[in-house]
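**Q** Sequence:
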Amino acid sequence: PSLQRIFLSYNEIKSFDDISCLGKSTSLVDLALDNNPLANQSNYKQVILQSIVSLRQLDMKRLTEEEKRIAQVLARKEEEKRKESERLSSIKEKRRLAISNAQRQWDKQFNIGRRRSNAKDSSDLKNSSRSDTSSPEMKEYNSCHLAELDNNVLNLYGPRSLDALDKNWGEKNNSSIEAISFKFIQFKDIIPKLKIVKDKFLGLQSLRFEATNIVSLNELNHLDILPQLAHLHIDENNPVTQLKHWKEYVIFKLRQSSTALKTLNDEQITQPDMEEGQRIFGSLQTILQNELPSHLQDTAYVRTWHNFYNKGPHQSDEEAKNQDSNDEESFSQNYIREIVQDSILTSRRLSHFERLWPHMLQEIVTKYTKDIMNVDAYCKMSLDKIKATL
Numbered sequence: 001p002s003l004q005r006i007f008l009s010y011n012e013i014k015s016f017d018d019i020s021c022l023g024k025s026t027s028l029v030d031l032a033l034d035n036n037p038l039a040n041q042s043n044y045k046q047v048i049l050q051s052i053v054s055l056r057q058l059d060m061k062r063l064t065e066e067e068k069r070i071a072q073v074l075a076r077k078e079e080e081k082r083k084e085s086e087r088l089s090s091i092k093e094k095r096r097l098a099i100s101n102a103q104r105q106w107d108k109q110f111n112i113g114r115r116r117s118n119a120k121d122s123s124d125l126k127n128s129s130r131s132d133t134s135s136p137e138m139k140e141y142n143s144c145h146l147a148e149l150d151n152n153v154l155n156l157y158g159p160r161s162l163d164a165l166d167k168n169w170g171e172k173n174n175s176s177i178e179a180i181s182f183k184f185i186q187f188k189d190i191i192p193k194l195k196i197v198k199d200k201f202l203g204l205q206s207l208r209f210e211a212t213n214i215v216s217l218n219e220l221n222h223l224d225i226l227p228q229l230a231h232l233h234i235d236e237n238n239p240v241t242q243l244k245h246w247k248e249y250v251i252f253k254l255r256q257s258s259t260a261l262k263t264l265n266d267e268q269i270t271q272p273d274m275e276e277g278q279r280i281f282g283s284l285q286t287i288l289q290n291e292l293p294s295h296l297q298d299t300a301y302v303r304t305w306h307n308f309y310n311k312g313p314h315q316s317d318e319e320a321k322n323q324d325s326n327d328e329e330s331f332s333q334n335y336i337r338e339i340v341q342d343s344i345l346t347s348r349r350l351s352h353f354e355r356l357w358p359h360m361l362q363e364i365v366t367k368y369t370k371d372i373m374n375v376d377a378y379c380k381m382s383l384d385k386i387k388a389t390l
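According to the UniProt record's numbering, the stretch in the sequence shown is residues 1 to 390, in order.
A portion of the hints provided could be inaccurate.
Said to hold, decoys possible - In the DSS-like style, the derived pairs of lysine-lysine whose C-alpha atoms are separated by at most 25 angstroms in a straight line are:
id	residue 1	residue 2
1	Lys172	Lys188
2	Lys247	Lys262
3	Lys14	Lys45
4	Lys193	Lys172
5	Lys61	Lys14
6	Lys198	Lys188
7	Lys108	Lys83
8	Lys188	Lys244
9	Lys81	Lys45
10	Lys262	Lys193
11	Lys24	Lys61
12	Lys370	Lys380
13	Lys370	Lys387
14	Lys77	Lys45
15	Lys198	Lys172
16	Lys172	Lys200
17	Lys14	Lys92
18	Lys385	Lys367
19	Lys387	Lys367
20	Lys24	Lys14
21	Lys167	Lys195
22	Lys77	Lys14
23	Lys108	Lys188
24	Lys380	Lys367
Said to hold, decoys possible - Restraint-style ranges between C-beta atoms, simulated for each label pair:
id	residue 1	residue 2	range
25	Arg96	Met60	32 to 42 angstroms
26	Asp107	Ala75	19 to 29 angstroms
27	Cys379	Asp342	43 to 53 angstroms
28	Asn168	Ser85	41 to 51 angstroms
Please keep in mind that the hints were generated in silico from the structure rather than gathered at the bench.
All C-beta atoms, glycine included, are put in the ideal place defined by N, C-alpha and C.
Please model the complete structure; the sequences and the hints are all you need to start from.
**A** Pasting the structure below:
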């Protein structure tokens with residue numbers, strides 16, 4: 001414990017771990033490690049001074065207070081760098097787990113049945129606290145949901161990540177966001193948030209829908225609320241992409257409300273593409289609007305198709321639901337009223353027939369009975385009728 005000087009030159013010492021016990025000494029003031037592989041390392045002096053604080057002389061050279069101060073500063077920076085690296089590694093792992101769990105939850109919901117054994121990791125993640133980071137920036141963090149801002153792209157994974165759209169990312173970030181990516185989120189849950197997207201992210205140009213379960217062309221009508229949308233990507237995992245003319249419909253519908261749309265699924269939209277969309281869907285829209293007979297234009301069926309093609313970008317989801325409910329109620333009332341009226345009329349006709357039928361039957365029987373009483377005369381009369389028709 002009273003050791004003050006030790007000379008270990010020329011001993012093939014390669015790492016400080018080989019002499020780490022010296023760090024426990026509080027009396028050591030002079031140490032020689034020259035001509036060892038350890039002495040050739042770039043952080044050699046820094047490690048020694050950090051580990052043996054009582055040292056005054058190293059390799060036969062006196063240590064100044066400035067050297068000790070610089071060594072401490074470098075050691076502190078190295079420690080901060082190590083902690084930052086560990087923090088980023090932890091965030092990266094949590095991000096991986098959150099996305100993996102969001103995908104597993106999505107697969108389970110749609111009975112895809114992919115089995116993964118991350119139960120322990122998921123449990124650890126649920127018990128972990130939120131972590132803040134600057135690149136990428138994360139606002140939402142739990143076992144199945146993640147919202148992250150990576151440069152100018154906002155990535156959303158899992159249904160509850162939509163809550164991040166209501167949160168404040170900062171005015172600078174809001175204006176800098178140019179693209180939003182949705183993954184493992186039902187499109188019907190995204191629709192009510194599109195108004196927020198329009199009002200909040202003024203620089204938005206691109207939307208990407210990967211696993212969002214878009215199933216019908218009618219759902220795509222909601223995108224016309226974003227007139228500034230220039231780039232749209234709908235992944236093949238969405239059932240709507242199995243429809244033959246879905247691309248033509250998107251081009252036709254969105255180009256009606258805006259001329260900003262330039263690419264669809266990373267392909268440039270050309271003039272022939274727009275003409276094809278107009279050829280397929282434009283005529284049908286015209287027929288629905290102008291060519292139907294007047295007695296059909298008020299039916300619930302036709303109103304549904306009018307809504308399909310003409311739902312405006314400013315009609316809220318709640319208004320649409322109320323309108324649909326009123327249309328259905330009106331259609332049901334009219335339909336039941338027609339059935340009741342037809343039933344009453346049929347019942348009256350049947351009652352009238354039942355009153356007349358006995359008299360009609362009696363007249364028929366009496367007439368033909370009289371005719372066949374004189375068979376010869378009846379045959380002659382029948383033959384004359386046949387000749388008259390020839």
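**Q** Need the status of pair Lys167, Lys195: alpha-carbon distance at most 25 angstroms?
**A** 14 angstroms, holds
**Q** Is it true that the CA of Lys61 sits at most 25 angstroms from the CA of Lys14?
**A** This hinted pair holds, its Cα atoms lying about 21 angstroms apart.
**Q** Holds or violated: Lys172 and Lys200, Cα atoms, limit 25 angstroms.
**A** Since the Cα atoms of Lys172 and Lys200 sit roughly 11 angstroms apart, the hinted pair holds (cutoff 25 angstroms).
**Q** Hinted pair, alpha-carbon criterion (25 angstroms max): Lys198, Lys172. Please report holds or violated.
**A** 16 angstroms, holds
**Q** Next pair to validate is Lys193 with Lys172; report whether the Cα-Cα distance is within 25 angstroms.
**A** Given pair Lys193, Lys172 holds - Cα atoms ~21 angstroms apart, limit 25 angstroms.
**Q** Sort out whether Lys92 lies within 25 angstroms of Lys14, counting only the CA atoms.
**A** Cα-Cα ~34 angstroms, so violated.
**Q** With the threshold set at 25 angstroms, check whether the alpha-carbon distance from Lys385 to Lys367 stays at or below it.
**A** 17 angstroms, holds
**Q** Regarding the pair Lys188 and Lys244, is the alpha-carbon distance no greater than 25 angstroms?
**A** Holds, because 22 angstroms separates the two Cα atoms, which is no more than 25 angstroms.
**Q** Hint says 43 to 53 angstroms; check whether the CB-CB distance for Cys379 and Asp342 agrees.
**A** Given about 47 angstroms between the Cβ atoms, the range holds.
**Q** Measure nothing beyond the straight line between the CA atoms of Lys247 and Lys262; if it is 25 angstroms or shorter, mark the hint as holding.
**A** 13 angstroms, holds
**Q** What's the verdict on Lys262 and Lys193, does the C-alpha distance respect the 25 angstroms limit or exceed it?
**A** 23 angstroms, holds
**Q** Take a quick look at whether Lys370 and Lys387 sit within 25 angstroms of each other, Cα to Cα.
**A** 23 angstroms, holds
When held up to the earlier numbered hints, the structure conflicts with 1, 7, 17, 25, 26 and 28 and fits the remainder.
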